[in-house]
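> Each chain, written out:
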Amino acid sequence: MATACEPIATALTLGLMAALTLHPDRLLPTDPAVRSIARRLYEAVRDLPIVSPHGHVDPRILRDDTPFADPTSLFLQPDHYVTRLLHAGGVPLQQLGVGEEPLPENRAREAWRLLCAHWDLFRGTPVRYWFDSELVDIFGVTERPCAENADALYDLIAGQLRQPSHRPRALLRRFGIDFLATTDDPGDDLTAHAALRDDPAVDTTVAPTFRPDRYLEIGRPGWPEQVKALGGDVGDYAGYLAALEARRRYFIAHGAVSADHGHADAGTEPIERHEAERIYRAARAGTVSPAEAAAFRRHMTFEMARMSCDDGLVMTMHPGIHRNHHPATANQFGPDSGHDIPTAVEFTHALQPLLARFGTHPGFHLVLFTVDADVYNREIAPLAGFYPCVYAGAPWWFLDNPSEIRHYQAAVTEIAGFSRLSGFIDDTRAFCSIPARHDMSRRLDAGFLADLVAAHRLDEDEALDALTGLVDDQPRKVFKL
Amino acid sequence: MATACEPIATALTLGLMAALTLHPDRLLPTDPAVRSIARRLYEAVRDLPIVSPHGHVDPRILRDDTPFADPTSLFLQPDHYVTRLLHAGGVPLQQLGVGEEPLPENRAREAWRLLCAHWDLFRGTPVRYWFDSELVDIFGVTERPCAENADALYDLIAGQLRQPSHRPRALLRRFGIDFLATTDDPGDDLTAHAALRDDPAVDTTVAPTFRPDRYLEIGRPGWPEQVKALGGDVGDYAGYLAALEARRRYFIAHGAVSADHGHADAGTEPIERHEAERIYRAARAGTVSPAEAAAFRRHMTFEMARMSCDDGLVMTMHPGIHRNHHPATANQFGPDSGHDIPTAVEFTHALQPLLARFGTHPGFHLVLFTVDADVYNREIAPLAGFYPCVYAGAPWWFLDNPSEIRHYQAAVTEIAGFSRLSGFIDDTRAFCSIPARHDMSRRLDAGFLADLVAAHRLDEDEALDALTGLVDDQPRKVFKL
Amino acid sequence: MATACEPIATALTLGLMAALTLHPDRLLPTDPAVRSIARRLYEAVRDLPIVSPHGHVDPRILRDDTPFADPTSLFLQPDHYVTRLLHAGGVPLQQLGVGEEPLPENRAREAWRLLCAHWDLFRGTPVRYWFDSELVDIFGVTERPCAENADALYDLIAGQLRQPSHRPRALLRRFGIDFLATTDDPGDDLTAHAALRDDPAVDTTVAPTFRPDRYLEIGRPGWPEQVKALGGDVGDYAGYLAALEARRRYFIAHGAVSADHGHADAGTEPIERHEAERIYRAARAGTVSPAEAAAFRRHMTFEMARMSCDDGLVMTMHPGIHRNHHPATANQFGPDSGHDIPTAVEFTHALQPLLARFGTHPGFHLVLFTVDADVYNREIAPLAGFYPCVYAGAPWWFLDNPSEIRHYQAAVTEIAGFSRLSGFIDDTRAFCSIPARHDMSRRLDAGFLADLVAAHRLDEDEALDALTGLVDDQPRKVFKL
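Chains as they are written, first to last, in my numbering: chain A, 90 to 570; chain B, 90 to 570; chain C, 90 to 570.
Any given hint might turn out to be false.
[Stated by the list, open to error] If you want the ones that stay clear, here's a sample from chain C, every Cβ over 10 Å from chain B, calculated:
(1) D120
(2) P193
(3) P215
(4) Y218
(5) R233
(6) Q252
(7) A342
(8) P491
(9) R518
[As the list claims (entries may be wrong)] In silico negatives: residues of chain A with every beta carbon more than 12 Å from chain B:
(10) P181
(11) A283
(12) D463
(13) E468
(14) R495
[To be verified] The calculated label-pair distances, taken between Cβ atoms and stated as ranges, are:
(15) B/G311 with C/P313: 36 to 44 Å
(16) B/G311 with A/R129: 43 to 51 Å
(17) B/E549 with C/E237: 45 to 53 Å
(18) B/K566 with C/R338: 33 to 41 Å
(19) A/P113 with B/N420: 35 to 43 Å
(20) B/R303 with C/D226: 19 to 27 Å
Hint data in this document are derived by calculation from the structure and do not stem from the laboratory.
For glycine and all other residues, C-beta sits at the position ideal for the given N, C-alpha and C.
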């Protein structure tokens, strides 16, 4: 490590490079009186274990504990937050290895150089904030990345990734992650989860999440074949329902606590049984119309709530994304390559059928996420402020940045109070960013509560209790951990 | 009183309870330089009389001056702001006596205990802020409510409610309410208002408000019967119009200054006379379609503007609420039981027919309220910044909290200036919260203006003038008091 | 000048008038630590030349260099920002000379008196902020306008307007405008631009902008006649396309860098060639339906992007305005008389066809402006954060005020970084407000960046680099200057 670090330290000493440091008060309010309250609050929760009830880490990484190949495959290739901004800045995705396996070293190094050379593109974004935290806290980087130190940084990080200290399980321990949910296909055999559960060396609970989207969208190309992955007899609608229920039970047996749903809208209008059967047959025959498929999907979202009332899986909804907005990129690089774009979303009317039927069902939990910030105070908080089942999911995806988190805090809390929040959800596939994301959230929550204390709207003991709740109690309660 | 207070003071002294106090600078900006400006501004208006041109206090309470029965029937049962958050927190509405008359003491006390035990649910909400103000300012409470002191607080408040000092009229005087509008059915005989007007002991002007919603929504079940309450010959459309006009005159004769309209949308498209007549006949026959009923209601909103131009009643609009979202609760507890949920609302296109015809009519006033905060800067402020009749109504219902009030202040003022604001509207049925709500508004207005002064965008003498305007002149001008 | 100034100075000295001054720290953050960072940042860019790539100054003013007639024709008559607020405040537009040529002195003076007497209507608005800057910086006014000093101010300003120092070209030099784009009809001969380009005494580049709206909206009354202004053979669709392409080339030859599009929505769905031909023929015959005209306009927006890919003109979009909301005012005073009202706008779906085809075309630039602030974080920033062609246009029209600019800064930057912003666009027809508007933007950008530095999210050297980029590099890069 010393060898790898040396050239960097020298360059910094020579004044060639800007220093990279993490200020202890970063993200806290700037007013001195408020900051000192925020500091006290933050200190009380900064080292609490991480509870991550929804995310996209691949469990096989943890099961296999294979060292990460290099900085590029760790930080760059799989993270569309990063690659999309580089793409917007003129860097072709193929140069970044998007959609590929770990690259040969020359290509990996070249991609890393592109990242460092375009470091200014990330100014002001949370990606930059998380990067800074990860580079300093996990890899001991002391220089701000740039074209000149790209290779030295690559060597420094690559060197550490080969050490036992930086293998996936070691990082998992170091990050202090108490609970980690992954996102999984209903047809997955969950052997990775079983192996992790049965391994006494793993302290973290790694739970699967039931994500049935593609099985419910029966008009998608290939659905008649894909649906068979559910197992069971999916030849008719009754068998399809039974297969879904069976897979949910299988997931629950493997530790799942929630089922996640991400469709174009939040519709939940049920249809008559015979109509559902008819549309199902049409889908099997490949003759279903888009309108029929949408109606069926909304009906099935209603059915998923019914199943959640029966089997206890927490229902989470992530609607309102236009997927694969740029078809040429989707064709070349696959899904999740950075061109999913939010759309307006509506919950009040869309959820009414579901909530009219299940809204007060004991034990039913429904967590609503949005990429359309307008609905926080217009729809989500009012719903969460009446229905015992509804929780306001933490800011998601494009909204997981300081200004939108502050908006969410105020918009939801002032209408529904703290008890209706989900607690922070990182929803990330960038494993190393998990601690930075949770730390960012704790700082922002501390700051928001400090503002309330400074405005004499809350006593500090209450703020402390609320903060501990947000960080620890609330996600455990909402996700039934 | 001393007896009732004693155990509380003791508990507090013993450190068992948290103190409840009101900081003199609460809600003012935290930056010391800005706060000192805000303090000066606030001091200048804090004791001005309250003008409340729109709300839901029952005038019979003031006419009869009967003591409030107990803390539960005063604070809890009728206030869906409170009961809905308790319901979301898992407390069944029946335990809170929602929809019932004052409860027997054991049930009232039990409901009050539930409120105190769930005090943390209200953290960060304006409900909590108003509660704190009311408990301290009106009842001298010195402890933060909790399960342990619930009974003592109940006794303390119940004891005071039996005193002459805490009867409705005494509080009305103490609150310094100069003008108080209620909300009334067009068929109401307004005898309570007449009695209050004729009573020399009542200094406050208590005015009715004409609220014809259910008479204009001709497709609602029961409408053919209900419409008869208008009096006159409502057998045909001409008679119906005449009856509405007559009831407006009756309201005006009893002091009404405004007519309030709260429908699903803000539509104002007129229809042809013969079409209105045809739909009206269909409604009488019970054969009107939902689309016809909606068209008729939009047409009648246009007609209401015409009548306002003729008779001078200020027109206020409160659109965009999905009423009775949870039918089972509506069936059991009635309307206004906490599950009305906002929806997106549109004004620009919807109001165009009305404004094209009446937008520059001398003396016509149209105040637009919204629960969809998106329209403040997109639609309401631009409309109010051109049409002499349009005023931007203060944040309403779910939006009457500090963060949304700040959003409104900036969003509307920067586009349309201060002169296009309605001034604060409490719109409350919680009588004791009126002073706290107006005080909150004055503090936030002072803070907003202090920000402008501190940013050197406004001189302090102008800020003071603007603040006095908002608190006193503007509501009197907008509502023609 | 001395004579004109004297009564003012005397009145002020006598304490009859309030002083008008510009505080050096105006609009900077109020927290002392943050303010000092902001000051340093602002100082570094305050005197940089102005780059104005989109606006509405009439180039003939600069070509002819005729002195401005009087304060009223300079500040009041042509500026609907000002006249609309006076109109809302009860001042009839005819008294302000809206839609008229410069007024006779008695009417001009009377209009000016109305402005000064209603100075309080502008409190809190950016109009007031710009006015203050212009009055002090350009005309040396030292008193806040009011009814009492209106005539003295009129004389003071009118006197200066007669001086060489205050003729249009002198002001242009004094303002430090490096690049100024106007907005022009495709049929314009651009002789004013040619004259300015060929005049060695003019240092500023004054470029036309291609604004084809009315040629693309083929259902508008008069279109069959108007379209002939394009020249060429517009008898069929092919000739129409060729004529548009030719006019674009003509504009480019006269220095144009962009084409601007302002329609009711952002639709870009192309239609089949034969269908376009058919609809075009119907429009020529005056038989086109509104739906066909809308489909054709969306198709032509797609075609405009294709042309931009071919000829390099930057494409800017300004959708979502309901024009001429009050027909009676439009009929009497013409367009742009203050009653254009924003509507909700949608980009994600609407732009998908265009971006699917041209989104990664090398050198294509598409700048998206909005009056619907909801789409900043929901649609514009996500699009700009992936597509290399998409830039987030600075806050436009009703949104060009401090609070919305701050919202834009945070909403867009946190999702897409600084590099995807257009830089400030004044978009004004109020010539004298250009420096004040750019100065406001620089102050707000400095403040926003100072906040990031104070929160330890950015180092100060980076903030300085980002600020210089926003003020100078970014608009030059985005508009290919």
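> Look at each hint and say if it fits the structure.
Comparing the hints with the structure gives:
1. For C/D120, the non-interface assignment is contradicted: its Cβ lies about 6 Å from the closest Cβ of chain B, within the 10 Å cut-off.
2. With 10 Å as the threshold on Cβ separation, the claim that C/P193 sits away from chain B holds: the shortest Cβ distance comes to roughly 26 Å.
3. Against chain B, the non-interface label of C/P215 is violated: not every CB pair exceeds 10 Å, the least being about 6 Å.
4. A cut-off of 10 Å between C-beta atoms contradicts the statement that C/Y218 is not in contact with chain B; the least separation is 6 Å.
5. For C/R233, the non-interface assignment is contradicted: its Cβ lies about 7 Å from the closest Cβ of chain B, within the 10 Å cut-off.
6. With a cut of 10 Å on Cβ distances, C/Q252 stays outside the contact zone with chain B, its closest approach being about 29 Å.
7. Distance to chain B confirms C/A342 as a non-interface residue, since its nearest Cβ pair spans about 38 Å, more than 10 Å.
8. At the 10 Å boundary, the C-beta of C/P491 falls inside the reach of chain B, the nearest C-beta of that chain being 7 Å off.
9. Its beta-carbon lying about 17 Å from the closest one in chain B, C/R518 satisfies the requirement of being farther than 10 Å from that chain.
10. Under the 12 Å C-beta cut-off, the non-interface status given to A/P181 relative to chain B holds; the minimum distance is some 37 Å.
11. No beta-carbon of chain B comes within 12 Å of the beta-carbon of A/A283; the shortest separation is about 35 Å.
12. The beta carbon of A/D463 sits about 5 Å from the closest Cβ of chain B, which is not more than 12 Å, so the claim that it is off the interface is violated.
13. For A/E468, the non-interface assignment is contradicted: its Cβ lies about 6 Å from the closest Cβ of chain B, within the 12 Å cut-off.
14. The beta carbon of A/R495 sits about 9 Å from the closest Cβ of chain B, which is not more than 12 Å, so the claim that it is off the interface is violated.
15. Look at B/G311 against C/P313: about 55 Å separates their beta carbons, and that is not inside 36 to 44 Å.
16. A beta carbon spacing of about 59 Å between B/G311 and A/R129 contradicts the range 43 to 51 Å that was offered as a hint.
17. For B/E549 and C/E237, the Cβ-Cβ distance of about 20 Å falls outside the hinted range of 45 to 53 Å, so the restraint is violated.
18. Checking the proposed 33 to 41 Å range against B/K566 and C/R338 shows it is violated: the Cβ atoms sit about 57 Å from each other.
19. The hinted window of 35 to 43 Å between A/P113 and B/N420 is violated, with their beta carbons roughly 56 Å apart.
20. Our hint of 19 to 27 Å for B/R303 and C/D226 is violated, since their Cβ atoms are close to 58 Å apart.
In this structure, the hints that do not hold are numbers 1, 3, 4, 5, 8, 12, 13, 14, 15, 16, 17, 18, 19, 20, in rising order.
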